[in-house]
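Protein chains: 2
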Amino acid sequence: MITILRLGHRPARDKRITTHVGLVARAFNAEQMLVDIKDIKLEKTLEGVNARFGGKFKVQTDVDWRAIIRNWDGIIVHLTMYGEHLDDVIKNIPKEKNTKLLVIVGSEKVPREIYEKADFNIAIGHQPHSEVAALAIFLDRYFGGKELRKSFDGRLVIKDSRKGKLVIDTKKH
Amino acid sequence: MITILRLGHRPARDKRITTHVGLVARAFNAEQMLVDIKDIKLEKTLEGVNARFGGKFKVQTDVDWRAIIRNWDGIIVHLTMYGEHLDDVIKNIPKEKNTKLLVIVGSEKVPREIYEKADFNIAIGHQPHSEVAALAIFLDRYFGGKELRKSFDGRLVIKDSRKGKLVIDTKKH
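Protein chains in written order, with our numbering: chain Z, 976 to 1148; chain H, 976 to 1148.
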């Protein structure tokens, strides 16, 4: 069970980036995203994706992130370019079905205490890139690529197509 | 040699998303990003990253994308949730050292002709998520994860750290 904790969200500046973090979390088999700052529009956007494409991905904004970290009864992973290299540590992260994983995805500045509280500070390479990409690569490695085949049982189902689009609306007869 | 072609860039709305696409392209071992719409600020941002973290990643905006596609003497890959599943086609993409790969990364709407012109339309799963994540996963699979160890020989070098930050400024004595 994977929860994403998105810190440093600024609704004006990060609107699309945090939306992408949420969409990646959902598509790559996380169960929910918690966001530090209130953002109803973000919640609605992801609910709309569930309505069309299925699944039960949850988003909650305006959370007390310090309390969440303090009370977390599982493993805390923090994705940061300053951490240990992904390939060196991914094998050490528990993968049992009942593992409760909190994956912290920061914005530009992350409070020092996050580095201390995390069980693993993990670098998806040591170059600057993107928290969206970092989360995708982390989850892809964690699930061994199987997340890309996850079935969402949604109203809209997209099928493989060599050229063009093949979308099935399962509610249309 | 990998070139990213970013289509449908809207400087106001997509500023940070296209920046993330460029940062991912650079960090995951592409050589350049071409962008359809003029955006000097975007070019400067990525030049600044090279100056600090190294490498020779190039960005060119305001390109004639139709001419680029028409004249491309290599393989064209288009990342889209409507394509064939990554795992089914990644093995068919040439990986020789002299392969010239053009990876097209669209925004919300992509002209129909792109689907026709691409040698491969590839879906990083069939769920909506993010072009930033799609590009990262594609390049990670293409390079078999080795891109995360790429050396950029930059002024700033980040070292593995279990807690906190370890940044070496190679120009400081």
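There could be a bad hint or two in this list.
Unchecked claim - For lysine-lysine, the following DSS-like pairs were computed, each having C-alpha atoms within a straight-line distance of at most 30 Å:
(1) Z/K990 with H/K1147
(2) Z/K1084 with H/K990
(3) Z/K1070 with H/K1013
As the list claims (entries may be wrong) - FRET-style restraints, in silico, Cβ to Cβ:
(4) H/D1144 with Z/R1087: 13 to 23 Å
(5) H/I1143 with Z/S1126: 44 to 54 Å
(6) Z/E1083 with H/K1147: 22 to 32 Å
(7) Z/A1042 with H/R1087: 30 to 40 Å
(8) H/K1070 with Z/K1134: 24 to 34 Å
(9) Z/H1060 with H/D1144: 18 to 28 Å
(10) H/K1147 with Z/K1121: 37 to 47 Å
(11) Z/E1071 with H/R1041: 23 to 33 Å
(12) Z/P1103 with H/R988: 36 to 46 Å
(13) H/R1087 with Z/K1084: 21 to 31 Å
(14) Z/A1042 with H/K1072: 49 to 59 Å
(15) H/K1013 with Z/S1126: 39 to 49 Å
(16) H/I1143 with Z/A1042: 22 to 32 Å
(17) H/K1013 with Z/A1042: 21 to 31 Å
Derived from the structure by calculation, the hints contain no laboratory data. Glycine included, C-beta positions come from ideal geometry on N, C-alpha and C.
We went through each hint and held it up to the structure:
At roughly 38 Å between alpha-carbon atoms, Z/K990 and H/K1147 are farther apart than 30 Å, so this suggested pair is violated. Using a Cα cut-off of 30 Å, the hinted pair Z/K1084 and H/K990 holds, with the two alpha carbons roughly 19 Å apart. With a C-alpha separation of about 45 Å, the suggested pair Z/K1070 and H/K1013 falls outside the 30 Å cut-off, and the hint is violated. Separation of H/D1144 from Z/R1087 is about 20 Å and conforms to the stated range, judged on CB atoms against 13 to 23 Å.
Our hint of 44 to 54 Å for H/I1143 and Z/S1126 holds, since their Cβ atoms are close to 46 Å apart. For Z/E1083 and H/K1147, the hinted distance range of 22 to 32 Å is satisfied, since their beta carbons lie about 23 Å from each other. A hinted range of 30 to 40 Å is violated for the C-beta pair Z/A1042 and H/R1087, which are about 50 Å apart. Between H/K1070 and Z/K1134 the CB atoms are about 27 Å apart, so this pair conforms to the stated range of 24 to 34 Å.
Take Z/H1060 and H/D1144: their Cβ atoms lie about 20 Å apart, and the range 18 to 28 Å holds. For H/K1147 paired with Z/K1121, a C-beta distance near 45 Å keeps the hint of 37 to 47 Å intact. Hint check: Z/E1071 to H/R1041, Cβ distance near 52 Å, so the stated range 23 to 33 Å is violated. Between Z/P1103 and H/R988 the beta carbon distance is about 22 Å. The supplied range of 36 to 46 Å is therefore violated.
Under the hint 21 to 31 Å, the C-beta atoms of H/R1087 and Z/K1084, about 43 Å apart, miss the expected range. Against the hinted window of 49 to 59 Å, the Cβ-Cβ separation of Z/A1042 and H/K1072 comes to about 52 Å, which satisfies the hint. Between H/K1013 and Z/S1126 the beta carbons are some 42 Å apart, a value that agrees with the proposed interval 39 to 49 Å. Under the hint 22 to 32 Å, the C-beta atoms of H/I1143 and Z/A1042, about 36 Å apart, miss the expected range.
Between H/K1013 and Z/A1042 the beta carbon distance is about 46 Å. The supplied range of 21 to 31 Å is therefore violated.
The structure fails hints 1, 3, 7, 11, 12, 13, 16 and 17 (numbered hints given earlier, in ascending order).
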